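Student: Could you build the full structure based on these sequences and the hints that come with them?
Residue numbers (my numbering): 881 to 1234.
What the hints contain is simulated information worked out from the structure, not anything from laboratory work.
Possibly wrong hints are sitting among the right ones.
Listed next, the in silico DSSO-like pairs over lysine-lysine satisfying Cα-Cα at most 30 Å (straight line) [what the hints assert, rightly or not]:
#, residue 1, residue 2
1, Lys905, Lys1071
2, Lys1071, Lys1147
3, Lys916, Lys905
4, Lys961, Lys944
5, Lys1106, Lys905
6, Lys1187, Lys1230
7, Lys1137, Lys1152
8, Lys1046, Lys1137
9, Lys1187, Lys1231
10, Lys1191, Lys1223
11, Lys1152, Lys1071
12, Lys1051, Lys1206
13, Lys1051, Lys1071
14, Lys1228, Lys1206
15, Lys916, Lys1071
16, Lys916, Lys1051
17, Lys883, Lys1152
18, Lys1012, Lys930
19, Lys883, Lys916
20, Lys944, Lys930
21, Lys1223, Lys905
22, Lys916, Lys930
23, Lys1191, Lys1231
24, Lys1153, Lys905
From a predicted model like this one, the values you see are computed outputs, not experimental measurements.
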Amino acid sequence: NGKDYLVPMVIEESSVVAAASNAAKMLREGDGIIAKAGPQYMIGQIHLVKVDSPHYKAFKILEKKHEILDHANQQDPVLVKLGGGARDLEVRVVETRRGPAIIVHLIVDVLDAMGANAVNTMAEAIAPILEKITGGEARLRIISNYAVYRLVRAWARASPEAVGGKEIVEKIVDASALAEADPFRAVTHNKGIMNGIIAVALATAQDHRAIEAGIHAYAARNGTYKPLSIWDMDSEGYLVGTLELPLQIGIIGGAVKVHPIARIALKILGVKKASELAEVMAAVGLAQNLAALRALVTEGIQRGHMKLHAKNLAIMAGATGELIDKVAEQMVREGRIRFDYAKELVEKYKKQLQ
881 NGKDYLVPMV
891 IEESSVVAAA
901 SNAAKMLREG
911 DGIIAKAGPQ
921 YMIGQIHLVK
931 VDSPHYKAFK
941 ILEKKHEILD
951 HANQQDPVLV
961 KLGGGARDLE
971 VRVVETRRGP
981 AIIVHLIVDV
991 LDAMGANAVN
1001 TMAEAIAPIL
1011 EKITGGEARL
1021 RIISNYAVYR
1031 LVRAWARASP
1041 EAVGGKEIVE
1051 KIVDASALAE
1061 ADPFRAVTHN
1071 KGIMNGIIAV
1081 ALATAQDHRA
1091 IEAGIHAYAA
1101 RNGTYKPLSI
1111 WDMDSEGYLV
1121 GTLELPLQIG
1131 IIGGAVKVHP
1141 IARIALKILG
1151 VKKASELAEV
1161 MAAVGLAQNL
1171 AALRALVTEG
1181 IQRGHMKLHA
1191 KNLAIMAGAT
1201 GELIDKVAEQ
1211 MVREGRIRFD
1221 YAKELVEKYK
1231 KQLQ
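Tutor: If you want it as structure tokens, here you go:
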């Protein structure tokens, strides 16, 4: 969005950080990466069973919508004062193997929080009202991690020169087309996006399990698991990428403001709103995806990955300081990137230094 960000990432795979940085460079020219987050709405589910005439009772719930929303908002006056709060109600009748159930969705604008506490409190508070209206019994009263009303989109355009030529653009588009047609590839395609998103989520103390669950459900929203991003070539031969996914994250509440490292990470990022953090995370996901696809269609994923893996092996084998690069470089040069060989080299070099 025309602004530079330093993005903290926490991940066990060092090649992920290197790859994201490399792709960010490719996408930097022109407009860079543009990202736009929608409203920060989360869904609270109230599950009602033992309801006679469920379709009729669903309408009776909607009749009392404003009263229900008012009661929900009384549970969190601070959120309401800041401009958030319960916004809407949706009611569905679902056929389960235990018979019909009414599912009420309470739509809550959680502003800069992930929202679980606020939404769960509201869902529990309105359950007795719903029981009274329907004559049924409330079972589940909890947030849904399928955050379909909390979408973020990112897009970018790169010149053929930036990615290594027209042929590479074509190959990246071919790889994207395969992900669109084949769920086996789509899963790995999306895993590459999540490498970036989850690394930022971990650095900023987000609920990464909720993020993963919601995003993968969204990828399968039309009945088949699909890629979250699409890469294509425009009329000028430029590579264009788009990404859309739900992100349930917060910059207040939870461990975000308590965990010292998360606080430092947010300070480094300099984001002021949860929606801004979501935009940065989506941008990282798109860059990560481009880096993976470019590596796959050119030299293969292993070359860069194994280079960094060699460093990790050297450290595990006891190398320190300058010895780390020395051992890693020799393993890469000889194509013998193994722990036992790293150990052998460390011992050999250490003897030479004695």
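Student: Looking back at the numbered hints, which does the structure fail to meet, lowest number first?
Tutor: Violated hints (numbers, rising): 8, 12, 21, 22; every other hint is consistent with the structure.
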